[in-house]
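Below are the chains, spelled out letter by letter.
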Amino acid sequence: MQNMPNPAHFLLLIASRSHGCSPLLNRQTVSANEQERTFTTNLSLYKEKEGTFSKDGVKYPKWFTGKPVLYIQRYIMEIYYDDVKSKLWTEEEMNKKTLLHSFYLVDNITNFKSLSGKKIGNFCFKAKGHKTLFSSSINDCIIAAPTNFWPNLSSFNSDKNVIERIIEHSNADLLIGVPVLASGFQQQTVPGNYVKRIFSVSVVMSSFENRFLKELHEYLGKFYYRDFNVSHNFGLASSTHIQHIYYSEASGILELLPLLLTHVIVFLYIAFSVAKIEMVRSKWALAFSAVCTIFAALTMPLGISTYLQLDSTLQNREIYPYIIIIIGLENILIITKSVVSTPMDLEVRERIAEGLSKEGWSIWKTFFFEVITLLAGYFINVPAIQEFCVFASVAVISEYFLQMFFFVPVLAIEIRRIELTDLNKQNIRKEDALSEGEVEEQPIKSIDETFQSKGSDENFMSPSFTRQAKMPKRLAFAFSFWARTRIVQRVLLLCMIGYILYVITYIVFPSMAPNGSGNVQRVSVESPHFFSNMEVESESRLLWKIGLKIQRSVRNIVATESSEASSTTSQLPWEAWYRLLSLNNYHLAGMHIGLLSPVVLKREYSSKPGRMSVDVMNLTKQEDISVISIDGVYLVFAVLILFIIICYTLTVLMKYLLPTTRDILLWFIRMCQPPQYRTTIADNAPIILRGHGQDIECLDSNGSTLVTSCLEGKVIAWNVITGEQYCILRRNEILPLPRPRMDRLRNHYDDSLLGMPVRGNARMYGYMQGEIAPAHLGMTGSQSTYFGDVARSPVSPMYKTHRRSRSDEVNSRTIVESTFATSMRPVSVAQRLEENFGKGTIRQRRSDLSVLPDGQPLSSVDGYVSSKNILKEHESYNKRSLAENYFQNLYDSSSNAAIWCLLCHDNIIIIGCCDGSVEVWDIQSNYRLCCYRGCSSGVTCLSAIKNRIFVGRSYGRIDILQISTFKPYGGSSNNYGNDNPQLPQLASINLLCTKKWHHETLNTIKIAKEFAITASQDKTIKVMRLSDYGCTYTLHGHSDSVSCLNVDLSAGFFCVSGSADCSLRVWDLSNGSCVHHLSEEHTTAITVLECNHKYAVSISIDNVLCIWKYRAGVCIHRIVQSNNIIGGIALLSSALMVTGSQGCIVVWNVRSGRVMRTITLGEYDCSNFVSHMQKIDNTTVACSYGNEMYIISFSSVVEKKD
Amino acid sequence: MHFLLRTLIVFVVGVLLSLALLILQIERNVALFPPGVLSDLSSIPWWVPISCGAGAATIGLSLPKMDEWFQRKYDYHHDQVEWVGVLRCVGIFVGITYASTLAYNSVIAKFSVSLSLMAIGQWWLFDRSVSGFVLGVAVSFTATAVTQIIVHYGIFSFSKPDFLSIRSWLPGVFFSATIAIGSLGRQLAQVTFHLSVYQFQ
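Chains as they are written, first to last, in UniProt numbering: chain V, 1 to 1202; chain Z, 1 to 201.
Where hints are given, some of them may not hold.
[To be verified] Here are the in silico distance ranges between beta carbons for each label pair: (1) V/LYS365 x Z/VAL130: 22 to 28 Å; (2) V/THR1083 x Z/ARG128: 31 to 37 Å; (3) Z/VAL130 x V/THR1084: 40 to 46 Å; (4) V/ILE167 x Z/GLU82: 30 to 36 Å; (5) Z/LYS110 x V/ILE167: 58 to 64 Å; (6) V/THR1087 x Z/ARG128: 53 to 59 Å.
No lab work stands behind these hints: they were computed from the structure. Idealized CB from N, CA, C, for every residue including glycine.
This is chain Z alone, in the form it adopts within the complex:
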């Protein structure tokens, strides 16, 4: 039950975030879709939020599991529920995505490196776990590859591709997203753990 609830929450958050950031990117002419997209709400390609939500759910559920694999001693008995940190983390992710839409091609290499460094800084500030880093790197590689394939098939494209046919800041943004969604998933796992404990009592 709690598992389903967690999945649902992370999925919804993923959908919302992807929608918002997609609109941001379309508005800023970063991502180009076939004409007609974003004339109204219904014309948004349905597969984007759905796949993003699914991805978010995967990340949000797998990070707590990975914590166990990497034997990270998570003090689930600790009473404090640190939603504050999660919200800051998500906020910084949105900020990094926002910043990515401001990139100019003239300084794109420097920009992408800095953005990736910022994402790693975000990991260092909020996570600092091996599992988070590994998952982040894995996700950023996979997602970048998937995006490359999508762009290759012409489903959508970037306005100013600078790395193959995608943007070079994508891995950094994906890494940041993994950290943010991962911390959310971890937090939810903690909360539901508490809930189950209280129910049991």
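The following block holds chain V by itself, in its conformation from the complex:
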């Protein structure tokens, strides 16, 4: 389970996501897409009688028809505390004093009675339905004021924590009437400084009563302007304009068409993209997570910009499609494809790492270009586009972040799920337990100096660098310059350090920060959002300065608002009124309202009257500093986020660009793994097998037995563990049995069949002279079974009993069935009989036999055949012709043809000869079981599965032979190599199928799964089904003879082929495609190829040895061996390889490509070459050395690595 992604990652991810998006919850969305939705008219145009505006000479917008639905009058209250007072009073006291004024003000407004006796209640806008939060206690008027935080004055007085109540309220800005940040309630006051608090009271009126308002303002002026003589802010003098705000209705279908179109495009785009995710277990889950990634990438920038107080003026639904198109899904597809296509046998983390490293460069390149493009777009001085560009670049960065931290873990889980179902893999793991620990190099005693290991230092060469080699020269130069000087890395690091230092000084020493109030005057009326405050100072600014600009702009907004300190400041966004009214169950969609110029009321608490006015004007400059210190929380967030993103980008950059840092990362990954064990190889004396007179030609092993043949045709079977000879096949000797004559056969049974002990009731030991048995089945008439000499048998009475009962038909029948049931495959016998005896006669019998359960393996036969009933049916068969048929192959000639190939399969040895004969020998009895001579062209390769032998011949024919053996001894006898002919076996061989399979000589046959894969000199590889011997694939691709072939079943169904055209090809046999064509490293014909589940090793004629990670199609080592001819190879585990050389064998570490040890062979003569190498098991190899055989065991010692 250690491969499962850490749950902490997910927690972190979820936390960061939810944190990033939480501001969205408080976001209000207002439906209005009119760009010019506000319009200002002069008050002089107002016709009081009709309540409308005159249309003379003024161009009104389309929507400006009729009179406004309602009017809003704001009273902005500014309260100042001078240095003495702010020292005297605590913050809480000041806040309370400030807010107390709101109660007075609301009270004054609602209770004011004009000269004509009207009150505000007469024409204020009444809240509909139930009484809402905003309606004042009198007359249900909608008055938005800080008083609404509390139900009444007494609860305000008893409230201990005023500020908390304000901040926690969801509509705080509406109630305070100014943005909370500008109100000053939230900010920390510095004792001894001037302190300002602002709030406003907004009265919503259904009609515009100019005269009443004038009177009201004059009345209010009595309370608030007396001690503060700033006349230009006073009263209706400034209230000469009415701002009309239009809230558009829900758009018609026609207006939605452009939006609809873009959404359709985006939908199709996502659908097509997601459909391209392939080769994963659950396509839907991955597609879902891909869409999640996109969605999160859209919401995160919103959250981030809200943290940064960047209020987006663009309509989200309008810009989202474009952002989706810009951020794209390509990276997700690329990552998926590249990770999925990595070798399946690797660990998940390695697969992910390999997949990412393959595509890292291109992904990063795309990312870089996108950000650069967006930056370029930023320099278009159109605020909307600038905003879009910043938003999109944040989206691109967060998308990148999510791809790495969200999508890749999901992919890892996905792969893990596939792995859990993959049982094959675990088997291989067990088998390969040796290779789990890293194989350490031991001090090498005799390093061959001529070995030139190329590329061993570039062990972990990153793919981006291999790709670099193919780049054009200019680019290559640029990249080499880049990589050598690491200029980007250094510049970015410097920028980072500078940036962090700047931010730290900015936060810690606010007074030292450059004063941003110089930009204050640049408020653009045309575009009211944050970018308007920025001046594009120089177009050559770097990307990382964007962050600075954003922050500076935040400061500027605050500075602007506080410095103006008049009607244009502390404006609520235009949608605030929509919100206010909709909270009172009134919807302004499709209507326009009139916003009267706000009235600013001021009040100061000063100990020194008279000085105040000047001081207040200077207040703002000091003010913005304290505002920023409040802003610090947001800044820290922003800085943290930016810091994480930049660090991550840097890490990724380094990882993909610089191999050394990648090594460090790999090292780090290894450090995180459980303690590793080091495997060292113990010195073991090789077992020397001597017995051949000539050089050894062929060898094969089945794990416990090694069979060798030499040039003179002698075949010896050896015990691998002890080195003792099992037997020497006497191929040149005359067979022990003379050629039987047909007339002798009947008597032959009496003479030659021997009875053997019977253990228990049902289990009988008996044997027959092997070659004769089938004939006997066919030929003996009523006397089916003979038990000749039973004197040796201690329990011979049992046999006698049996013999006595055989006349009984029923009893005999049961015996036949029971013995068939345990001894042999009835169908195959039936088939064979059918072929030998003619089809018509056996059919009836066969149906009987096929009822019997299938037999046990051939080696565990303990019984003999009483085939009386079968034989009865064939009495009429021509005995003579049958006997001739059967015996002609057995006794024709002694076999001394040259051996071309050898196969050790179970307990039999199969020998393919140059004259086309195939001999089958039994190791234990040292007898030739049978021989097939149906074809005269030489046998070039052999393979066997169960009882079928695949024989490849020199002119492209393939024969499938079936042997049927009866092995009465089950390996209990010790008479190996004995001349005693008393223990022969029953066996017969017959041809199942023959095919002209290739046009040229077959080079090799491999059997895997349900297929036989053949490689031939006719440049093709063919895949044959074992079920019906049909051709599944013909794999074209090699341009010369396919010399060697290896099949890997560890994950999927792959095969590697080497050819005389100097190339290797990796084939996926599940679909017959060529996965890799590896032609770069070898320059001459490939002669030897070995592979395990991870590596393939190939040797070409010019002694170049290449180690491949063939699934990835990468050559990891290319070793040129100038003098010594490399003979065979054996891959012991995934990490250990043995090659033969002159006078020695060399042990290699496959991963590092280094020589671990050289073992000298030959006590006296070191001039021979190791020509053949045979892997016996994962720790043992056998190699031929002249006429000697060496069996060398590399038993490993596992030590904990320090």
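Since chain V is already given, all that's left is putting chain Z on it; use the hints.
Relative to the frame of chain V, chain Z by itself:
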């Protein structure tokens, strides 16, 4: 048959895109028509979508032909059908048109240059063929000239003309449109090629 189908598809896409973008421009007060236009669907001048569709069909059919002229080796046998790229390309075209409606006269020169650069960036990202570039430049010149003539005859006008009597970002938008529609046409040619191959088999 396939040719007709291709023509029809590109034509319909052209009509739809032109309708949508026309409405966008009218909404944003970029293009001014005689009064009464856009009060409902039927009042949209019929000749705009039709001519735009015809233009789209011309571009979408001529770009694959031009590929042959410029000997661009298009791997039509390649099985992968890259609709994703086409959709992104069309999306970026819509985005560029959308951006063009946001232009302010004060920075119009900078804006138009940037927009043209973006269009060229779009070509570089999605096309990178000589034929595409040549066709794009040709179309942007021709279409700008045609628009100038139309405006000259007073059929419609721009609200804030800054280059003769048209907008200076027009060539860039036309170039972008050529790339988008061209990639669509090329894709269709590829798909129908596959279709015909499969039918033949």
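Hints that the structure is at odds with (numbers, increasing): When the structure is compared with the hints, numbers 4, 5 and 6 turn out to be violated.
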